[in-house]
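A.B. asks: Here's the letter readout for the chains.
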Amino acid sequence: MSVRQSFSRVGILPRDLKDLTRGQALWNASVPVVSVVPLLQHREGDPAACLVAPGDVVREGMIIGRAAGPEGAHVHSPVPGTVRELREVFLPDGRRSPAVVIELGGEFDRLGKSVRKYPWENHSQKDLLGIIADKGVVGMESAVPTHLKYTIPKNRRVDLFILNCSECEPYLTANHRLMLEKAPQIVEGARIVAKILDPRRILIAVDKSRKDALDALGQAAKAAEFGAEIAMVGSWFPQGDEKQMIRTLTGLEVPSGGEALDVGAVVSNVGTVFAVYEAVALLKPVIEKALTVAGGAIRNPGNLKVRIGTPLTDLVEECGGFVEMPEKIVIGGPMTGSAIFDLSTPVTKNTTGVLFLTSREIRNSRRTNCLRCGRCVEACPMGLDPTNLFKLIDHGAYGEAFGQGLKDCRECGCCAYVCPARIPLVQGLRVGKAVSLERGGAA
Amino acid sequence: MSGRKLLTVGGSPQIHEEGSTISIMWTVSACLLPAAVWGVGIFGPGAAAVLLTALATALAAEAAFSLAAGAGLTLWDGSAFLTGLLVGMNMPPAAPLYIPAAASLFAVGVVKWTFGGLGRNWMNPALAGRVFVFFSWPRQMTLFSFPSILRGADRVSGATPLGFLKTGLLEAATTAGTPMEYLSQNGFPRSLTDSAVTDWLNSRILERIGISLPQGYVDIFLGFIPGSIGEVSALLLLAGTVALLARRVIDPEIPASYFGAFALLVWVFGGLPFGGEYFTGDILFHLFTGGLMLGVFYMATDTVTSPLTRRGRILYGAGAGCLTFLFRVYGSYPEGVSFAIIMMNIFVPLINQFTGPVRYGAGKETAP
Numbered sequence: 001m002s003v004r005q006s007f008s009r010v011g012i013l014p015r016d017l018k019d020l021t022r023g024q025a026l027w028n029a030s031v032p033v034v035s036v037v038p039l040l041q042h043r044e045g046d047p048a049a050c051l052v053a054p055g056d057v058v059r060e061g062m063i064i065g066r067a068a069g070p071e072g073a074h075v076h077s078p079v080p081g082t083v084r085e086l087r088e089v090f091l092p093d094g095r096r097s098p099a100v101v102i103e104l105g106g107e108f109d110r111l112g113k114s115v116r117k118y119p120w121e122n123h124s125q126k127d128l129l130g131i132i133a134d135k136g137v138v139g140m141e142s143a144v145p146t147h148l149k150y151t152i153p154k155n156r157r158v159d160l161f162i163l164n165c166s167e168c169e170p171y172l173t174a175n176h177r178l179m180l181e182k183a184p185q186i187v188e189g190a191r192i193v194a195k196i197l198d199p200r201r202i203l204i205a206v207d208k209s210r211k212d213a214l215d216a217l218g219q220a221a222k223a224a225e226f227g228a229e230i231a232m233v234g235s236w237f238p239q240g241d242e243k244q245m246i247r248t249l250t251g252l253e254v255p256s257g258g259e260a261l262d263v264g265a266v267v268s269n270v271g272t273v274f275a276v277y278e279a280v281a282l283l284k285p286v287i288e289k290a291l292t293v294a295g296g297a298i299r300n301p302g303n304l305k306v307r308i309g310t311p312l313t314d315l316v317e318e319c320g321g322f323v324e325m326p327e328k329i330v331i332g333g334p335m336t337g338s339a340i341f342d343l344s345t346p347v348t349k350n351t352t353g354v355l356f357l358t359s360r361e362i363r364n365s366r367r368t369n370c371l372r373c374g375r376c377v378e379a380c381p382m383g384l385d386p387t388n389l390f391k392l393i394d395h396g397a398y399g400e401a402f403g404q405g406l407k408d409c410r411e412c413g414c415c416a417y418v419c420p421a422r423i424p425l426v427q428g429l430r431v432g433k434a435v436s437l438e439r440g441g442a443a
Numbered sequence: 001m002s003g004r005k006l007l008t009v010g011g012s013p014q015i016h017e018e019g020s021t022i023s024i025m026w027t028v029s030a031c032l033l034p035a036a037v038w039g040v041g042i043f044g045p046g047a048a049a050v051l052l053t054a055l056a057t058a059l060a061a062e063a064a065f066s067l068a069a070g071a072g073l074t075l076w077d078g079s080a081f082l083t084g085l086l087v088g089m090n091m092p093p094a095a096p097l098y099i100p101a102a103a104s105l106f107a108v109g110v111v112k113w114t115f116g117g118l119g120r121n122w123m124n125p126a127l128a129g130r131v132f133v134f135f136s137w138p139r140q141m142t143l144f145s146f147p148s149i150l151r152g153a154d155r156v157s158g159a160t161p162l163g164f165l166k167t168g169l170l171e172a173a174t175t176a177g178t179p180m181e182y183l184s185q186n187g188f189p190r191s192l193t194d195s196a197v198t199d200w201l202n203s204r205i206l207e208r209i210g211i212s213l214p215q216g217y218v219d220i221f222l223g224f225i226p227g228s229i230g231e232v233s234a235l236l237l238l239a240g241t242v243a244l245l246a247r248r249v250i251d252p253e254i255p256a257s258y259f260g261a262f263a264l265l266v267w268v269f270g271g272l273p274f275g276g277e278y279f280t281g282d283i284l285f286h287l288f289t290g291g292l293m294l295g296v297f298y299m300a301t302d303t304v305t306s307p308l309t310r311r312g313r314i315l316y317g318a319g320a321g322c323l324t325f326l327f328r329v330y331g332s333y334p335e336g337v338s339f340a341i342i343m344m345n346i347f348v349p350l351i352n353q354f355t356g357p358v359r360y361g362a363g364k365e366t367a368p
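Residue numbers (the working numbering), protein chains in the order written: chain A, 1 to 443; chain B, 1 to 368.
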């Protein structure tokens with residue numbers, strides 16, 4: 001097996017802290033007694049239309065929310081039980097969403113039962129996309145509905161499909177475990193995607209610190225006679241960002257304001273491809289999620305398969321409680337994730353991790369004026385000048401900031417991570433983008 | 001609610017790299033202290049008074065100006081302490097106390113706070129303070145006491161090695177081939193430590209590889225020479241620098257390109273004033289004299305007044321190295337580090353303009 005190596009610098013090398021959980025095999029978390037299932041689990045547009053009412057009995061995997069509008073995704077019941085109420089909840093990203101509260105009860109249709117593999121090979125591309133949509137698959141990090149991402153306009157063609165196995169956020173190792181434990185399934189998922197996209201080339205990109213996963217995927221691909229090339233990439237952050245991944249592997253740059261398909265590439269995360277496998281080969285909707293629970297405040301950090309809708313309180317219990325009170329509770333990775341204020345917040349389809357961080361891990365400090373040290377400029381993977389953009393936005397010069405590439409900011413957080421003055425660069429740039437888009441792109 | 005610990009919320013990223021403004025300022029100060037203490041040790045209590053005056057004035061000025069500017073008390077960030085310490089270390093040990101006070105006041109009050117405090121100044125405050133008093137009180141600023149171990153009945157104060165050299169070369173043509181020979185021939189004082197250490201080095205180590213170190217270099221390396229309080233001990237300044245580089249508080253680009261450009265020019269042209277050939281300049285002598293260590297490692301690397309990108313910093317350091325050489329060897333003042341760095345401060349916006357980062361995907365706008 002020949003492995004291409006591309007280690008060119010991207011962003012930063014953060015303290016990754018993955019050793020806390022790297023060796024922890026995935027285990028099934030207890031099924032929650034009460035699940036809180038948000039109906040807004042996709043990136044944009046309206047919440048799914050609720051199909052159930054309080055008192056209704058639902059079965060495991062039954063559809064309970066139907067996508068409203070073209071940008072939406074269906075939502076399924078993660079457990080059998082009875083709908084207790086409909087409630088509004090805060091999502092980790094700060095949006096509000098209606099949610100179905102389900103009390104556990106009755107018999108599982110999937111759990112503990114053996115499932116027959118579905119012969120997907122004979123289906124057309126359109127049918128496969130239909131199954132993916134039916135099963136509510138969204139990007140396991142981005143929350144973009146997967147059937148939309150894989151619907152390629154007629155005038156476009158996919159040159160390259162990248163199976164993105166980088167998982168570059170510190171702390172997170174759930175995808176790493178998935179690769180070790182489910183390599184044949186992931187490869188089958190990639191074969192399904194390849195059938196849909198019909199790319200000229202397929203690349204599986206793995207972080208160089210994960211040779212074990214690389215070997216597992218390589219062997220699985222060989223066994224399945226799957227014609228994918230394997231590439232090793234650096235442990236940079238954000239190596240897993242699709243624009244960075246494309247540049248690292250192909251040298252091509254997605255044009256400013258454009259998308260991966262503009263250079264003929266489609267990039268999918270390993271978690272998403274596994275969800276595609278489950279949806280198509282097992283006809284299983286997205287009702288559970290592999291994620292990492294870590295951080296200095298939790299007693300037993302590890303990698304869990306968790307039902308969607310599980311409140312974080314259940315996860316804390318599952319992982320042995322706190323050794324000390326966390327300073328921050330983060331959903332997602334520490335670089336791009338959100339700090340939440342409510343432990344009843346539920347796990348959603350794109351929850352990649354739950355971190356209970358102590359103040360020693362956060363390393364906050366008092367904010368000062370900018371020292372002009374330029375660390376943010378060196379760190380920015382998009383080649384922007386964050387300190388200058390922040391200043392322009394601060395002075396209301398949105399148009400000028402836009403002209404200097406503000407819209408290219410991916411909010412990866414490298415700039416604010418390295419900033420010794422602790423300037424909230426990401427928030428500043430986020431606000432600046434919102435205001436300048438409101439004003440039509442150039443004020 | 002009171003007394004209950006709450007969760008911290010806020011936008012991403014949720015974690016940070018270790019360093020902070022506060023830790024940078026206090027770490028640099030801590031790394032400077034050994035060299036400052038050395039200065040006090042060899043120059044005596046007068047030097048301590050100068051240092052403390054500079055520090056106290058800087059802190060008082062920071063407090064007064066930050067409060068007047070409505071920024072609250074900002075002493076905690078450590079920048080005023082560092083500026084005061086640098087000003088003090090740049091003073092002759094016997095300066096009348098109004099000079100360090102004036103330098104610190106100018107540095108913090110005028111150079112830093114008229115532009116809005118920390119991070120807003122375009123010129124290095126400590127250097128600006130030094131240059132301000134240098135031109136205001138030129139006589140007092142060029143009168144250097146000898147370290148106590150070099151003092152004799154007839155020898156209390158005089159010129160630094162570079163000053164001695166500059167005056168000598170202006171007055172008469174010389175037969176000496178190198179700066180060190182010139183100093184020896186003209187009775188520049190030397191410590192007993194120097195000959196002891198030099199002899200030991202030569203007999204034990206250097207002889208075996210066929211080199212012989214002339215006398216005098218150990219003095220300028222360890223700091224047994226007249227000079228500003230904090231500039232004389234190249235050894236301790238280097239030790240502090242190693243700590244700063246290891247902790248990644250300062251970046252290596254500016255020192256590397258500064259020393260590179262300066263050493264190259266000294267090597268190529270430095271022998272000419274002594275009637276020597278090209279490529280005979282005495283690099284070692286120039287590196288350890290005239291406050292180069294202090295200036296390059298602790299003032300040229302000031303992030304506020306140096307360029308943003310790596311490429312910019314390399315250019316900036318090289319520029320400062322060339323200017324230092326020009327000022328020192330061909331200028332009318334003996335040293336030149338301060339002027340060179342301040343000159344380069346002026347060019348920082350221009351350098352930033354031409355060395356900005358390369359944007360990802362720029363110039364490839366998509367068709368609508």
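Hint data in this document are derived by calculation from the structure and do not stem from the laboratory.
Yeah, the Cβ is synthetic: ideal placement off N, Cα and C, and Gly gets one too.
Mixed in with the good hints, there may be bad ones.
Unchecked claim - Per the computed footprint, the stretches of chain A lying under chain B, defined by three or more beta-carbons under 8 Å from a beta-carbon of chain B, are:
| id | stretch |
| --- | --- |
| 1 | 28-38 |
| 2 | 330-339 |
| 3 | 359-366 |
| 4 | 383-392 |
A.B. asks: If you look at each residue in the stretch 330-339 of chain A, do at least three have a Cβ nearer than 8 Å to any Cβ of chain B?
C.D. replies: It holds, with 7 qualifying residues against the three required.
A.B. asks: Using C-beta distances, would you say chain B covers the stretch 28-38 of chain A, given that this needs three or more residues below 8 Å?
C.D. replies: Violated: only 0 residues of the stretch 28-38 of chain A have a Cβ under 8 Å from chain B.
A.B. asks: For the stretch 359-366 of chain A, count the residues whose Cβ lies under 8 Å from any Cβ of chain B; is that count three or more?
C.D. replies: Result for this restraint: holds, n = 6.
A.B. asks: Can the stretch 383-392 of chain A be counted as covered by chain B under the rule of three residues or more with Cβ-Cβ separation shorter than 8 Å?
C.D. replies: Since three or more residues must qualify, the claim that chain B covers the stretch 383-392 of chain A holds, with 4 doing so at under 8 Å.
In summary, the one numbered hint that this structure violates is 1.
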